[in-house]
Amino acid sequence: MSKTAAGRFFEDYQPGQVIRHAVPRTVTLGERALYHALYPARHALASSDAFARACGLPASPLDDLAAFHVVFGKTVPDVSLNAVANLGYAEGRWLKPVWPGDTLRSESEVIGVKENSNGKSGVVWVRTRGLNQNDEPVLEYVRWVMVRKGNLSAPAPETVIPDLAKAVDPSALVIPDGLDFSGYDFGLAGEPHRWGDYEVGETIDHVDGVTIEEAEHMMATRLWQNTAKVHFDATYRPDGKRLIYGGHVISMARALSFNGLANAQLIVGLNGGAHANPCFAGDTVRAWSEVLDKAETPAPGVGAIRLRLVATTGAPFVLKGDDGKYLPEVLLDLDYWALMPV
Amino acid sequence: MSKTAAGRFFEDYQPGQVIRHAVPRTVTLGERALYHALYPARHALASSDAFARACGLPASPLDDLAAFHVVFGKTVPDVSLNAVANLGYAEGRWLKPVWPGDTLRSESEVIGVKENSNGKSGVVWVRTRGLNQNDEPVLEYVRWVMVRKGNLSAPAPETVIPDLAKAVDPSALVIPDGLDFSGYDFGLAGEPHRWGDYEVGETIDHVDGVTIEEAEHMMATRLWQNTAKVHFDATYRPDGKRLIYGGHVISMARALSFNGLANAQLIVGLNGGAHANPCFAGDTVRAWSEVLDKAETPAPGVGAIRLRLVATTGAPFVLKGDDGKYLPEVLLDLDYWALMPV
Amino acid sequence: MSKTAAGRFFEDYQPGQVIRHAVPRTVTLGERALYHALYPARHALASSDAFARACGLPASPLDDLAAFHVVFGKTVPDVSLNAVANLGYAEGRWLKPVWPGDTLRSESEVIGVKENSNGKSGVVWVRTRGLNQNDEPVLEYVRWVMVRKGNLSAPAPETVIPDLAKAVDPSALVIPDGLDFSGYDFGLAGEPHRWGDYEVGETIDHVDGVTIEEAEHMMATRLWQNTAKVHFDATYRPDGKRLIYGGHVISMARALSFNGLANAQLIVGLNGGAHANPCFAGDTVRAWSEVLDKAETPAPGVGAIRLRLVATTGAPFVLKGDDGKYLPEVLLDLDYWALMPV
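Residue numbers (our numbering), protein chains in the order written: chain A, 1 to 342; chain B, 1 to 342; chain C, 1 to 342.
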């Protein structure tokens, strides 16, 4: 019997199945520092314990996306080792801040399957939940991927397509306990723009660009214990390129968005997202945002803002061609909710 | 109104103006470990809690230069985003060790302005102070930069040139509370040479060289939240090169200086410094030092030594040509005070 | 007198001599996070405090190999600065887990010398011991290196060749206090294979590969304060290549061995090892293992497994040619004992 795991194939997933992912991870101040070395992250709440305390939190939480990457990374051996494509995200919610010292693990429930008409692959939907050492959920999201069949003669399963929300309803967003932006220090945060200053439809060019290096995206991806070969092994693809983990692009774009969205302090919802084109070392990543929606929250001084975040190697504010397809320079089109002082 | 900050231009600075820089940063054991991964740092006091305790400190402080970089990094969006050149440093003093867990922020006072005769730019002098979470100053220094004018028709300001000391007077150096080198363990520190063994005028070739990589200088520069585009964006300069943050060269040279100056444990004064030529990935950085001065201190067993630290891609002990200009291989000429066991 | 250390030459070593190596190092959660960024490390015991507690330990220890690298790095300036080759390891034992916050230092005793017949170099055997802040040994191993003579006219010393064990006797392996695998969670650990499932002679292809970058191996090697020029200075070798620290290859291969040996949680013995061929940036490192031996231990639920770990840039399961020499694609042939749930 082979000791090496080959990963699951399409026919191995059934709706209702719960997969408990391996290798829990204690995240610490070390992960926090590395996050700031790997991305130009400057949002004050994840940078300063003093700033976080002035906003009602006990300390600076781990960056929301670092928590996402750790939870996501654990699912890779079970969900996407044989994936052909990462198709989408929906219904993502951050449920509790992750603090240095917390231990995270992940569980996924299969909520949908649909075999492709070619009979060689299919789409699998999973709802993944990240849990801390007290079994409290810290994050949940739905993700769907296209997975190869291992046994082409396996019968097609009954199609189950989950009914997913277009966007997380703002009333369902979870505000971290104690968060209070009523005494928010805009000077220390870096920009004067408050929730009320942003208008739906407004677009923001985040101006800065970062040229990506192999060593950096591999260090990041390893830190989240994401093991997909294609990120690390230059002999894996015929073109000799290492495909960069899509989450690296998400974190890079989010960090770049500080310049214009310095006060979008915490990510609390993930409405959707597409990794529009692959990213490779040598690409210079830029970012722009569009305000999609706004909502009030019950927390003092805290508003919610729904943002499209686009990572691109080209010019801002262009997304798709006349054919409705993403332009080749667009890397990421992400739709998320963040919290901002009103 | 644009949400993106364009940075200050020459006409935006007036003597007396105080700028409170954004994004405080809690530095931790994670930053400490990264400092040792990015630079070949081996000075025992910043390496070992046990060694630091034997020298009267409660624990190993964050490397002095890491503290400098964090304080400096915060000033970049306000002071040097539109800078043409970083011209000099003076009157730098480390006032209090920075401990893992401290939160640092920065403030700068404009202390001089002088418009250039071309009317397109000018020199701005600022005195920057780093403060911890208790508002205690941990570091101060003067820096001057050449900044572009944004509005060429803005009138030239009255010239104010600050009167700066050639070197920090040794009596003004601040010795960390409790520091005591009377029981100093030269064996554990790595070299037998004490303060008394160094002579003014003596030069030391630090022998080792490090070839610089893009991923490393970008990780370092991001960790200090220094956002200057030119360090990260390969499309920014016409030659496609990323200019390496001058502080990366300072830290590299200082770490290399262990070999010959292992007992110059703490930096306490910055008398001056010039980034003589730009550094790029692929350069192999070497370092040499010259003893410029020595002074006694009131702390038990502690002497002060004033050192010139030169980073170069060439041979040691050459600095300037017959024309009085730095040779092209010289990257850095730094003048600092360090503490050493007598 | 030159302030720069030239390192020891062959004639500077005498059997019985004890060298106390410089620069103690406090290792922290920062080192732990960096280890996981530099290597695809996923063994659960070094990843999760919660998992470690469920196995009877107070917390997740620093990876055994990180402890090894720190102890080893300290010996470089005294043992291998003028080494021509790193010839072998023997009688290695991990004696106590290293916890974040521990301060490590190293001592070596010279246990053998043998001048080569060419009169230009010789072999030196040292037994190195790593000690924590309480002077408790955490690790010991024998290593032998070929060292150049500094003074070719120095007389050849009397040959002393230590009598070294072919392998550490399993009864001499030290199990960490409290370790108990009787409630081991194979699901969280990532693989179902227990000690009883492995057979002597069995080989395992670990499948994954990692392409190595300059920035990564230099960050790792610096983090262990290993100062050998050849790893950092691209001008040092005539071919302009930086030789990768052999320990980097060890850690890479061990991390890759998760896939098939996820339950070989702790390394407790080092029986031998050869750095068969040099490794350079751009190489894609793969790994395979062979089960060499198995032994019971007195700890509850804990078995010992002796493994050959081979790092290669080629195909698995081939090691040496007809001439008995390592094939050029083989980088490492390591022989170690690990602990596994029975």
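The set of hints was computed from the structure by calculation and includes no laboratory data. Incorrect hints may have been included.
Because identical chains share one entry, a pair is satisfied inside a single copy or across any pair of copies.
DSSO-like, lysine-lysine: derived pairs with alpha carbons at most 30 Å apart [to be verified]: (1) K149 <-> K294; (2) K241 <-> K229; (3) K229 <-> K3; (4) K294 <-> K3; (5) K3 <-> K166; (6) K3 <-> K320.
A quick look at each hint next to the structure:
1. Taking the shortest alpha-carbon separations for K149 and K294, neither the intra-copy value of 42 Å nor the inter-copy value of 38 Å comes in at or below 30 Å.
2. In this homomeric assembly, K241 and K229 come within 30 Å of each other (Cα to Cα) both inside a single copy, at 12 Å, and across copies, at 26 Å.
3. In the homo-oligomer, the alpha carbons of K229 and K3 lie at most 30 Å apart inside one protomer (18 Å), although the nearest pairing across protomers, at 40 Å, exceeds that limit.
4. When the C-alpha separation of K294 and K3 is checked against a cutoff of 30 Å, the pair qualifies only between copies, where the shortest distance is 17 Å, while the shortest distance within a copy is 51 Å.
5. Taking identical chains as interchangeable, the C-alpha atoms of K3 and K166 lie at most 30 Å apart only when they sit on different chains, with a minimum of 28 Å there against 42 Å within one chain.
6. When the C-alpha separation of K3 and K320 is checked against a cutoff of 30 Å, the pair qualifies only between copies, where the shortest distance is 24 Å, while the shortest distance within a copy is 45 Å.
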